[in-house]
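Sequential numbering of the sequence shown, starting at 175, is according to this note's numbering.
Rather than coming from a laboratory, the hints here were simulated on the basis of the structure.
For glycine and all other residues, C-beta sits at the position ideal for the given N, C-alpha and C.
Careful: at least some of the hints might be erroneous.
Quick list of the computed label-pair ranges, beta carbon to beta carbon [said to hold, decoys possible]:
1. G219 x P300: 30 to 36 angstroms
2. T384 x A866: 55 to 61 angstroms
3. T384 x D851: 52 to 58 angstroms
4. K563 x A282: 23 to 29 angstroms
Straight-line alpha carbon distances no greater than 30 angstroms define the calculated DSSO-like cross-link-like pairs of lysine-lysine that follow [stated by the list, open to error]:
5. K682 x K941
6. K902 x K931
7. K902 x K862
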Amino acid sequence: MTASLLTLGAGVAFLAVPDSASADPIEQCTPTTGAVVAVDFGPFGGKVEKGCDTTPTTGYELLHTGGFTTAGTVHDGEGFICRIGKGSGTQYPTPDKEECVLTPQATAYWSYWIASPGQRKWTYSPLGAMARPLKPGDVDAWVYGGTDVGGTKGKPSFSPDDIRGVTTPDPAVPTAPPKVPAGSVDVPAATRWITGKLTDGERVVDEGSTTPNHFLTTEAVFALTAADPKSPVAKKAAEFLATPAQTDAYAYPAGKDGIPDATAAARLALVAEATGKDLHAFGGHDLLGDLVKYVCPRDIGDGETVEGCYTKGDFRTTGQSDAQAMAVIALANGGVTPPAHAVNRLTGLQCEDGGFTSVLIRAGGACESEAGSTGLITLALARAGGDEKAIQKARGYLKKSQLATGAWPAASYETTGNPAATAWAAQALRALGDEAFADAGVSWLSRRQFPGAGFGFFEDDTESRLFPTATAAVAGAGSDLVALTTKKTEPPTIPPDNPPAGEGPDLKKGVAYLTDTSRLIQGRFYESGKGTGFADYGMTIDGAYALAATGGNNTVLRNIVDFLDKGGKDGKGRTIDDYTLIGTKYAGGGSIGKTALLAEAVGRDPRNFGGKDLISALATGVCTAKDTTSTPYCGGKGAYKNAKSVFDQSLGVIAQLRAGDTAAATEQIVYLKSLQDSSGAWPSLIGKDSAAEVDSTAMAAMALDLLPDAASQAAVDKAVAWIATQQKQDGGFPGASGNSVNSAALAIQGLFLDAPKYGAQIAKARKFLVSQQNGDGGFNIAQDAQPGSDVRASTQAVGGATGVSFGVLTRDLKGTTPEPVPSTSGGTAGSSSGGSGSPVIVTPGEDAGGAGSSGGTGSGGGGLASTGAQIGTLAAAALVLTLGGWGITWAAKRRRESTGGGA
175 MTASLLTLGA
185 GVAFLAVPDS
195 ASADPIEQCT
205 PTTGAVVAVD
215 FGPFGGKVEK
225 GCDTTPTTGY
235 ELLHTGGFTT
245 AGTVHDGEGF
255 ICRIGKGSGT
265 QYPTPDKEEC
275 VLTPQATAYW
285 SYWIASPGQR
295 KWTYSPLGAM
305 ARPLKPGDVD
315 AWVYGGTDVG
325 GTKGKPSFSP
335 DDIRGVTTPD
345 PAVPTAPPKV
355 PAGSVDVPAA
365 TRWITGKLTD
375 GERVVDEGST
385 TPNHFLTTEA
395 VFALTAADPK
405 SPVAKKAAEF
415 LATPAQTDAY
425 AYPAGKDGIP
435 DATAAARLAL
445 VAEATGKDLH
455 AFGGHDLLGD
465 LVKYVCPRDI
475 GDGETVEGCY
485 TKGDFRTTGQ
495 SDAQAMAVIA
505 LANGGVTPPA
515 HAVNRLTGLQ
525 CEDGGFTSVL
535 IRAGGACESE
545 AGSTGLITLA
555 LARAGGDEKA
565 IQKARGYLKK
575 SQLATGAWPA
585 ASYETTGNPA
595 ATAWAAQALR
605 ALGDEAFADA
615 GVSWLSRRQF
625 PGAGFGFFED
635 DTESRLFPTA
645 TAAVAGAGSD
655 LVALTTKKTE
665 PPTIPPDNPP
675 AGEGPDLKKG
685 VAYLTDTSRL
695 IQGRFYESGK
705 GTGFADYGMT
715 IDGAYALAAT
725 GGNNTVLRNI
735 VDFLDKGGKD
745 GKGRTIDDYT
755 LIGTKYAGGG
765 SIGKTALLAE
775 AVGRDPRNFG
785 GKDLISALAT
795 GVCTAKDTTS
805 TPYCGGKGAY
815 KNAKSVFDQS
825 LGVIAQLRAG
835 DTAAATEQIV
845 YLKSLQDSSG
855 AWPSLIGKDS
865 AAEVDSTAMA
875 AMALDLLPDA
885 ASQAAVDKAV
895 AWIATQQKQD
905 GGFPGASGNS
915 VNSAALAIQG
925 LFLDAPKYGA
935 QIAKARKFLV
945 SQQNGDGGFN
955 IAQDAQPGSD
965 VRASTQAVGG
975 ATGVSFGVLT
985 RDLKGTTPEP
995 VPSTSGGTAG
1005 SSSGGSGSPV
1015 IVTPGEDAGG
1025 AGSSGGTGSG
1035 GGGLASTGAQ
1045 IGTLAAAALV
1055 LTLGGWGITW
1065 AAKRRRESTG
1075 GGA
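Given these sequences and hints, build the entire structure.
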């Protein structure tokens, strides 16, 4: 018995089980200090829990000092780990599932896995936990399920590095694709061939048959819409599939009210999404509702058997991982959050090498990676916001498994290319941003395409087949299953100058308030304090964004831009360089990004704005490690130097993306993504703890929306959904100043990223802004703040009310001309002569003096809302906003599913 127990990875010393100790903070255990243990509660509906012990002795002690409790068996004693719980929580398996009297079967027990310092793979422990001595850097894992005596199956679905919290580069993953000649798929020829295979132009009928092949008909629709989203042939085929008789025959073989075939229902849902049909009334069925309704609630053998269910999270009757992935994509693209267990089920299909299997195996089952399934499942996980580490492991697998020809084999043990597998792998890698690897795959496909026709099943096939041809056509078109089934919305590039009556605030009055020279000094800048002559460059750019979003006064917008671009000085002799501090150790990614974005929005060159290359400054001003105690401030690796907020990071990322500097922004994007929490929200600050915030979440979403890959779009969707949950009854949103105008404006911009879905929330928020607009056209700081128009709040409200995403804000200034700066005599409004006022702003290349545009036609006199000490928290928040340059209105416009980039 002792030998068998040791072989099973459990000690046999009959000791009383100790209570769980208070675990050391997980960050105190590093790859060289302490030991970490992980317990996978996934089979019981939980997650992987970790624990740390900085002074470990044995694996058994680590399990308890790491915060876990255990129970042994009556027969073998406490040394045989039969149950494990976290802290004071439930121990699993529960007594009704396993009595823990005799030794559990090898098909369902807690197996013990170990990894020594630096090891990237798990080893089945040859010793029991009590007998295994630990050293610094060791990692242990406990997984419930089945394995064999040799521990060759049932390994953890996560890697030792996942538990260490570090990423050790896999040396086997190539950094460059195979060297192959350039080539492209003849997509028009492929789609003509596919069209020719449609009987009556609407359905595929196999040779010798009289009944439709619904499966291949859906494939034809995918290929045709990838090549032409408005394809009339695809729409006709979709109409055929949507007739009740065909929908029932394909997806409801058990009868109209029976359990649907999940594979067919998912495919039909994707057809509906690709062709713009109603997912909830397709052939008389709510396809998405039925998919969600019939997700398996538990494993087979776990209580009463559920027909069509094998494992918790399966879509009933699927059987194959490809169908599971398609169902997840269909739900996510249809605006329905896929059940977490259904998404986790996909993650659990990942093999040790990072690839995915095509079979819906259970934990411990034989796992054999396939490139085609890996591509499709990776697309699904990225779209649904699945485990990022699993996605990156799959990405590495696809790169490693690509053949020298550029192709991918159907299975890992094969050595020749497969057209369908290559197409799926290319789709996934292109969606993840690895275009060079995808291009190599497409190059191979181009050499396997039959002249004027399609593709065969295998490399040496001699005949065109519809399935591989359809998949290859999608890849050849540079698309993927997620992209071609995602709803496209194309709002106008330039928003109307005013929303329709009753839908929002009076933007013309708002523009007049902002451009009145009692506030906008000589039509060029806002002061940080009235009469000081000291320019608030951050707020000035906010005002410029508002003018760009509305188009309400292009002349004044041109004046502001020229002032900033051509070395204009405020009353203290300061220029925009004194705001960005470019070229010094105090240079901030947020202020540089904010300035660069204004240049991009109005068609100026951000690489030569104000005589500075702002984009280069962003690319080189990136932190290599966290350091929040020195100058420059570094929130973490990939953060911009001196960026202390998510706002700052988002501004820099958007500026680089719009400038086409995507590759140089990779680490900055990764860092920004890492700050998003599981709810979909972003915090306010970086480098230190802070609460989730509407403003920051909206700004981060606008930044990531410029990235076309599925993972980024999923992050945006989660962010926008979270923003919607924060709306107050009166339509406002919480912010630093209470029921904040600023937060409402930014929330509108965020919600506009998916305007069709959140139209009702947008309308309520606009009405809230209406309630906060005063007679002079300006806006209050907040609903519960001291009444009175505030310039900063007004810049944000005017720009945000348009709903234009900062990522694509564009205003053409053609037709405007430079205007001379009005001369001044005495001080600025409210200042005494001499003193600190009397700025004479001279833009190089222009003459001082002369009469010019006042820049505004509205009534003046609106008093600024007080932010004095009597407001307490508001004053502190306002001071932070002023010093950090956070008072930002980002007027922007969403092109949902566009590639973003240039303005």
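inquiry  = For a C-alpha distance cap of 30 angstroms, please report whether K902 and K862 respect it.
reply    = It holds: about 28 angstroms lies between the C-alpha atoms, which stays within 30 angstroms.
task = Mind checking the hinted window 55 to 61 angstroms against the Cβ distance between T384 and A866?
result = 59 angstroms, holds
query = Between K682 and K941, is the straight-line Cα distance small enough, at 30 angstroms or below?
reply = This hinted pair holds, its Cα atoms lying about 16 angstroms apart.
inquiry  = Checking one constraint from the list: CA of K902 to CA of K931, max 30 angstroms. Satisfied?
reply    = At roughly 18 angstroms apart (the allowed maximum being 30 angstroms), K931 and K902 satisfy the hint.
ask   = At the C-beta level, are K563 and A282 separated by a distance inside 23 to 29 angstroms?
value = With Cβ atoms ~27 angstroms apart, the hint holds.
inquiry  = Taking the Cβ atom of G219 and the Cβ atom of P300, is their distance within the range 30 to 36 angstroms?
reply    = With a Cβ separation near 31 angstroms, G219 and P300 satisfy 30 to 36 angstroms, so the hint holds.
ask   = CB of T384 to CB of D851, is that within 52 to 58 angstroms?
value = For D851 against T384, whose Cβ atoms are near 56 angstroms apart, the range 52 to 58 angstroms holds.
Consistency note: the structure conflicts with none of the earlier hints.
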